[in-house]
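Q: Just need the whole structure built from these sequences, with the hints factored in.
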Amino acid sequence: AAGVIQSPRHLIKEKRETATLKCYPIPRHDTVYWYQQGPGQDPQFLISFYEKMQSDKGSIPDRFSAQQFSDYHSELNMSSLELGDSALYFCASSSRLAEGTQYFGPGTRLTVL
Amino acid sequence: RKEVEQDPGPFNVPEGATVAFNCTYSNSASQSFFWYRQDCRKEPKLLMSVYSSGNEDGRFTAQLNRASQYISLLIRDSKLSDSATYLCVVIFHGANNLFFGTGTRLTVIP
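Just so you know, the protein sequences line up as chains A and B, in that order.
Per the numbering used here, the very first residue in the first sequence carries number 1; after that it's consecutive.
Per the numbering used here, the very first residue in the second sequence carries number 1; after that it's consecutive.
If you're looking for bench data, these hints aren't it; they were derived computationally from the structure.
Just to be clear, a hint being listed does not mean it is correct.
Stated by the list, open to error - Restricting the straight-line Cα-Cα distance to at most 25 Å, the calculated cross-link-like pairs of lysine to aspartate or glutamate (DMTMM-like) are:
hint, chain 1, residue 1, chain 2, residue 2
1, A, LYS22, B, ASP39
2, A, LYS52, A, ASP71
3, A, LYS13, A, ASP62
4, B, LYS45, A, GLU51
5, B, LYS45, A, GLU82
6, B, LYS42, A, GLU82
7, B, LYS2, A, ASP71
8, B, LYS45, B, ASP57
As the list claims (entries may be wrong) - Examples of chain A residues toward chain B, derived with CB under 7 Å:
hint, residue
9, HIS10
10, GLY38
11, PHE45
12, GLU51
13, PRO61
14, ASP62
15, PHE69
16, TYR72
17, ALA98
18, GLY100
19, THR101
20, PHE104
Glycine included, every Cβ here is placed at the ideal spot set by N, Cα and C.
A: Quick look at the structure:
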């Protein structure tokens, strides 16, 4: 069965650079979520989209933005990167009819040097 | 104080043992409850939903006590492959994102 696809899997950037993370949800899933997991931490919700509209916002810094496109894929844009942004970034998708059953992608490991 | 709290462990148990994890949540308006499993450097995966009536899936049993705002997970006959971090997860009323506990690390020893 198709799973959530994230790219790239690994990304190394320097401070103050920008990064774009991509997420391709499971086909026919209408909701996409972004989570950030720092070293030794639990995943923290950043932002979600339902049918291409932002539906919920968590602890997402102002330096970050995200959107969902007409094909339902989503991109997380991160600017003015800081050392503390180094983390695993997970995208998850679900059907609105089963919101708790979120399927996570393999994550993008971002390292900021 | 985190909205969802767990004992971080670690729990080191021998194969075949029974182990129980507990979790408390602070928001009484919470509406949905889950246990997720996360292996090292991998993505979280849904283990099971948790219902007020309690539910069982093979060796795993989950319980919810809404009055005490408490969730539990019982693993019977532990296998080496059960070694992972177990995350207690809550969806609060009016939201659709997951709130994760800090996770409980389990290591099953041969």
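Q: Hints broken by the structure, by number, lowest first?
A: 5, 7, 9, 10, 12, 13, 14, 15, 16, 17
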